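Generate coordinates for the entire structure from the input sequences, incorporating the hints supplied.
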Amino acid sequence: MPDYEPVIGIDLGTSYSCVAIMEEGQPVVIPNEWGERTQASVVSFLEDGRIQVGNDAKRRLLTHPTQTIYSAKRLIGRFIFSPEVKKAQAICPYKILEGPNHGLRVEVMGEELSLPQISALVLKEMKEIAEAHLGVTVNKAVITVPAYFNDNQRQATADAGRIANLEVLRIINEPTAAALAYGFGKSLNERVAVYDLGGGTFDISVMEIGEDTFEVLATAGDTYLGGDDIDMRLMDYFADLFMRDTNVNLRTDVLALQRLREVAEETKKAFSEKKQVQVNVPEIYVDEKGNAYDLTTMIDEKTFIQINMDLIQRSFKVCDEAFQSAGLNSSDIDGVILVGGPTRLPLVRDNVEHYFGKIPLAGIDPDEVVAVGAAIQANALIDVNAQAFLLDVTPLSLRLATVGGYADQIIARNTPVPIDRTRTFTTSRDNQERVKIRIFQGESNRQDENASLGEFEFTGFRVAGRGEVKIEVTFEIDANGIVQVSARDPETGQSASTTVSLSSGLSEEEIVKTQENVGATEIIDGGDGEIEAVEE
Amino acid sequence: MADANAQFIERIMAWGDVLDQLDYYQLLQVDPKASLGQIRKAYHAQTRLFHPDRYFHLTDEKIKHVIYRISKRVTEAYVCLRNPAQRGHYDVQLAQNERGKLRFTEESAQDQKKEKLEQTGKTEKGRQLHRQGMAEMKRKAFEAAERTFKMAMAYEPDNDLFKKLAEDASHSIKTNYVVK
Numbered sequence: 001m002p003d004y005e006p007v008i009g010i011d012l013g014t015s016y017s018c019v020a021i022m023e024e025g026q027p028v029v030i031p032n033e034w035g036e037r038t039q040a041s042v043v044s045f046l047e048d049g050r051i052q053v054g055n056d057a058k059r060r061l062l063t064h065p066t067q068t069i070y071s072a073k074r075l076i077g078r079f080i081f082s083p084e085v086k087k088a089q090a091i092c093p094y095k096i097l098e099g100p101n102h103g104l105r106v107e108v109m110g111e112e113l114s115l116p117q118i119s120a121l122v123l124k125e126m127k128e129i130a131e132a133h134l135g136v137t138v139n140k141a142v143i144t145v146p147a148y149f150n151d152n153q154r155q156a157t158a159d160a161g162r163i164a165n166l167e168v169l170r171i172i173n174e175p176t177a178a179a180l181a182y183g184f185g186k187s188l189n190e191r192v193a194v195y196d197l198g199g200g201t202f203d204i205s206v207m208e209i210g211e212d213t214f215e216v217l218a219t220a221g222d223t224y225l226g227g228d229d230i231d232m233r234l235m236d237y238f239a240d241l242f243m244r245d246t247n248v249n250l251r252t253d254v255l256a257l258q259r260l261r262e263v264a265e266e267t268k269k270a271f272s273e274k275k276q277v278q279v280n281v282p283e284i285y286v287d288e289k290g291n292a293y294d295l296t297t298m299i300d301e302k303t304f305i306q307i308n309m310d311l312i313q314r315s316f317k318v319c320d321e322a323f324q325s326a327g328l329n330s331s332d333i334d335g336v337i338l339v340g341g342p343t344r345l346p347l348v349r350d351n352v353e354h355y356f357g358k359i360p361l362a363g364i365d366p367d368e369v370v371a372v373g374a375a376i377q378a379n380a381l382i383d384v385n386a387q388a389f390l391l392d393v394t395p396l397s398l399r400l401a402t403v404g405g406y407a408d409q410i411i412a413r414n415t416p417v418p419i420d421r422t423r424t425f426t427t428s429r430d431n432q433e434r435v436k437i438r439i440f441q442g443e444s445n446r447q448d449e450n451a452s453l454g455e456f457e458f459t460g461f462r463v464a465g466r467g468e469v470k471i472e473v474t475f476e477i478d479a480n481g482i483v484q485v486s487a488r489d490p491e492t493g494q495s496a497s498t499t500v501s502l503s504s505g506l507s508e509e510e511i512v513k514t515q516e517n518v519g520a521t522e523i524i525d526g527g528d529g530e531i532e533a534v535e536e
Numbered sequence: 001m002a003d004a005n006a007q008f009i010e011r012i013m014a015w016g017d018v019l020d021q022l023d024y025y026q027l028l029q030v031d032p033k034a035s036l037g038q039i040r041k042a043y044h045a046q047t048r049l050f051h052p053d054r055y056f057h058l059t060d061e062k063i064k065h066v067i068y069r070i071s072k073r074v075t076e077a078y079v080c081l082r083n084p085a086q087r088g089h090y091d092v093q094l095a096q097n098e099r100g101k102l103r104f105t106e107e108s109a110q111d112q113k114k115e116k117l118e119q120t121g122k123t124e125k126g127r128q129l130h131r132q133g134m135a136e137m138k139r140k141a142f143e144a145a146e147r148t149f150k151m152a153m154a155y156e157p158d159n160d161l162f163k164k165l166a167e168d169a170s171h172s173i174k175t176n177y178v179v180k
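Chains as they are written, first to last, in our numbering: chain B, 1 to 536; chain S, 1 to 180.
Since the hints were derived computationally from the structure, they do not count as laboratory data.
Nothing false has been slipped in among the hints.
Dumping the calculated EDC-like pairs for lysine to aspartate or glutamate here, alpha-carbon to alpha-carbon at most 20 Å: (1) Lys64(S) - Asp478(B); (2) Lys174(S) - Glu143(S); (3) Lys101(S) - Asp420(B); (4) Lys140(B) - Asp53(S); (5) Lys62(S) - Asp420(B); (6) Lys122(S) - Asp158(S); (7) Lys86(B) - Glu449(B); (8) Lys62(S) - Glu476(B); (9) Lys64(S) - Glu167(B).
Sample of chain B residues at the chain S side, in silico, Cβ under 10 Å: (10) Glu208; (11) Leu381; (12) Leu390; (13) Leu391; (14) Thr422; (15) Glu476; (16) Asp478; (17) Ala479.
Residues of chain B clear of chain S, computed beta-carbon distances all greater than 12 Å: (18) Gln26; (19) Ile51; (20) Ala90; (21) Asp229; (22) Asp253; (23) Asn280.
If you're wondering where the values come from, they're calculated on a predicted model, not measured in any experiment.
Beta carbons are placed, not taken as given, at the ideal position from N, Cα and C, and that holds for glycine.
Take a look at the structure:
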């Protein structure tokens, strides 16, 4: 038994989660008490107040659709007006409401819960699975996120860890974790591409492995593209078919939709091995007169490919972007690592092989490789003899609001992290006491086309005439990809105090209390203290 | 960790003390004429030495903070030097060693561009109007600037820069507003 306490690696997925740990120098995936190695990221609330998490909870999707929350990761760290949220509101049987600062809440049996709270329940389950296996308490974890997650989504994931009583040692990117699992301890000198098509998100990372360093050359992604989309295409296909045959619209029936979702997922999975799949859902719909209708059809691979081809093609557009950023061609790599359940599909594998001109690397479990990488990183942090140095990048450009609705780039995307940049500002009014800045992440020079990370207000600097006080603002992206902003007066060296508002995240209080309706983050009235950049 | 001994920590602290006096080449410990490949190799070597994860187990927050500062600066050096255009600007900045500035900033690149612009113009009159227009832009007298740049275009109809500046000035008239 090592003399330090255990640290687990958790792959918190959109559809499934997985937990792993290093044991005697080897990473092992920890199964639950039924021997299941991945757990559905589903949380179901029971009438008696108990909460079920994982594969049992997933079975309740059909029977208790409004109190069973799935795909929380698609919503975490997002604002109410994001297109993903609008889509989820249309198709999810559970209620998605607006929370403070345009954030989100889900309503379950009259109670409003934040997304980090839901994810915390999944993390807690993973922690308990590890504890049952190890026989000791687990307090520390490394958690993975999609490489393309923005600061809000990373913060919210870190919040979820804290709510689950886990000290999150590090948030690492899923493709980076996968590369670590592949290359750790092998002293490789290879350039690899990690093609990560998960349940809800797609990431591509181009990486250079040099013995113990794992350098990300470029990353790109689409947080709206995943296996769920394939399920939805199949649901649409079945619903249209049913409409044509029976003139009944299954989309308006919550229970029928859930059964459609289930059969769509099963059908998709079956195409990993089969050329055609027989679909049979008895009594999917019963009309007022009590007549039952079955959904029965045979779908072949050709049709399956046809209805999903554009989704896969979208992923290669994203790949092009990453290669362009890295200054490389898709053929400039030594190997392709496939991550995520959907990459088992010939639809994906064949196209990946075609795009990269290479057969994807064999012997890597696409469902477990990310958790394994997280466990290796967790171990490397605490074990002084294990060395693995991740050199990751920020996936999105960090921007600062300027006059006229523009957003000025401060740190470009694909810049290695951790890194900081300093900008100097000056007061624009006499006796100004506050300086406010708003920051964004994204690739547009228009504010409203980027994700807002929040508004930072600085106070506590000298008060003097306009233009006389300089404030040095440092923007930092840490190793977790999380943005930190601080300010100081360069003349006195004194730090200014910082207030963050208009951010989608939970306040400190909310996290500690793990409760709702704590209105801690008040919106500061806009208008005063407009700032401008000082010219050198 | 074997090399996280007192002597090594002393060395790291010494690096921390002089961090602001090191230029990017010194940070990466490469020759100013180093090739891109050598710079990458040096970045990896320095990363192995200063990666914060390597010292995660240390309990002294002060030492960890210094290591973190160094690692960020090493990354900054790599980001600048791996980009030929930025490296070019940085080399000019170093050569001028203006106010002992050793960190690359977007502003310093812009300054250099500005200087270049100020010398622009093929004709004496064009250059003069260009200077005048730039001064008007700075004063936010955008309407005057637009007139001046258009005048400059009369002397140098093929000067794309004048054309662009005239457009910029015109754009600024439309978008510039004062926030109360």
